[in-house]
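Asks: Each chain, written out:
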Amino acid sequence: AQKVTQAQTEISVVEKEDVTLDCVYETRDTTYYLFWYKQPPSGELVFLIRRNSFDEQNEISGRYSWNFQKSTSSFNFTITASQVVDSAVYFCALSEAGTGNQFYFGTGTSLTVIP
Amino acid sequence: GAVVSQHPSRVICKSGTSVKIECRSLDFQATTMFWYRQFPKQSLMLMATSNEGSKATYEQGVEKDKFLINHASLTLSTLTVTSAHPEDSSFYICSARGGGNNQPQHFGDGTRLSIL
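The listed protein sequences correspond, in order, to chains D and Y. Be aware that the first sequence starts at 17, since it is given in my numbering, and climbs by one per residue. Be aware that the second sequence starts at 33, since it is given in my numbering, and climbs by one per residue.
Some clues are possibly wrong.
Listed below are the simulated EDC-like cross-link pairs for lysine to aspartate or glutamate, each with C-alpha atoms no more than 16 Å apart in a straight line [unchecked claim]:
#, chain 1, residue 1, chain 2, residue 2
1, Y, K87, Y, D97
2, D, K86, D, D38
3, D, K54, D, E26
4, Y, K96, Y, D120
5, Y, K52, Y, D97
6, D, K86, D, E42
7, D, K54, Y, D141
8, Y, K73, D, E42
9, Y, K73, D, D34
It should be emphasised that the hints constitute simulated quantities derived from the structure, not laboratory data.
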């Protein structure tokens with residue numbers, strides 16, 4: 017079973033629009049970590065955020081914000097006032113304390129911001 | 033901080049050639065390094081996990097004799113694709129992590145391997 021689901025395969029928005037990327041995870045561990053990474057067309061993966069399972073406080077970093085809700089097993093990512101440079105594939109990932117090093121990536125959401 | 037350097041960024045070579053890819057953590061000690069493979073428009077597929085000084089742990093379906101991994105120091109891991117064939121063409125990306133699973137993996141820039 018897929019541990020991390022990113023149901024949106026591709027999203028296109030017009031510049032300056034807000035966009036939310038969904039991430040739903042599945043785990044039986046009580047201690048786990050959630051991550052978001054950005055992969056621009058050049059290929060490298062850029063770390064954006066890490067969240068542990070005990071901290072449900074939402075986080076804002078500039079135009080980026082994350083909404084972590086354990087009740088719905090979701091860790092959604094919102095970009096406010098999107099820019100062309102935000103165009104990339106975004107991956108959500110889960111790391112479980114119970115499975116050691118294992119990192120589970122979602123299938124990614126390809127975001128295109130149209131100027 | 034947390035910079036991972038991967039080299040080379042692109043390789044084009046003939047079938048049957050062995051290709052070595054290096055992954056270095058430049059400003060931290062990577063107790064664990066990971067190797068992933070990514071096909072176009074797909075997610076990252078974990079190939080193997082290596083801890084410094086230990087043998088790598090390969091994921092199911094990954095041939096350990098085909099993809100040799102060495103993690104000789106806390107800052108360097110190498111992946112050697114032995115006797116590469118066209119079906120091995122892919123984007124290979126490494127990551128490094130210092131500390132436990134609560135720490136993020138920091139990724140290299142990837143290596144695009146094309147076997148003719």
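Asks: Hint by hint, note whether the structure agrees.
Replies: Hints versus structure:
Taking the CA atoms of K87 of chain Y and D97 of chain Y, the gap is near 13 Å; set against the 16 Å cutoff, the hint holds. Pair hint K86 of chain D plus D38 of chain D holds up; C-alpha atoms about 14 Å apart against a cutoff of 16 Å. Our distance criterion of 16 Å between C-alpha atoms is met by K54 of chain D and E26 of chain D, whose separation comes to about 14 Å. Of the pairs offered as hints, the one joining K96 of chain Y and D120 of chain Y holds, with about 14 Å between alpha carbons and a cut-off of 16 Å not exceeded.
About 14 Å separates the Cα atoms of K52 of chain Y and D97 of chain Y, which keeps this hinted pair within 16 Å; it holds. Restraint check for K86 of chain D and E42 of chain D: satisfied, since their Cα atoms lie roughly 10 Å apart, inside the 16 Å limit. Restraint check for K54 of chain D and D141 of chain Y: the C-alpha separation of about 12 Å stays at or below 16 Å, so the hint holds. Restraint check: the Cα-Cα separation between K73 of chain Y and E42 of chain D comes to about 23 Å, which exceeds 16 Å; the hinted pair is violated.
With a C-alpha separation of about 24 Å, the suggested pair K73 of chain Y and D34 of chain D falls outside the 16 Å cut-off, and the hint is violated.
Going through the hint list in order, the structure does not satisfy hints 8 and 9.
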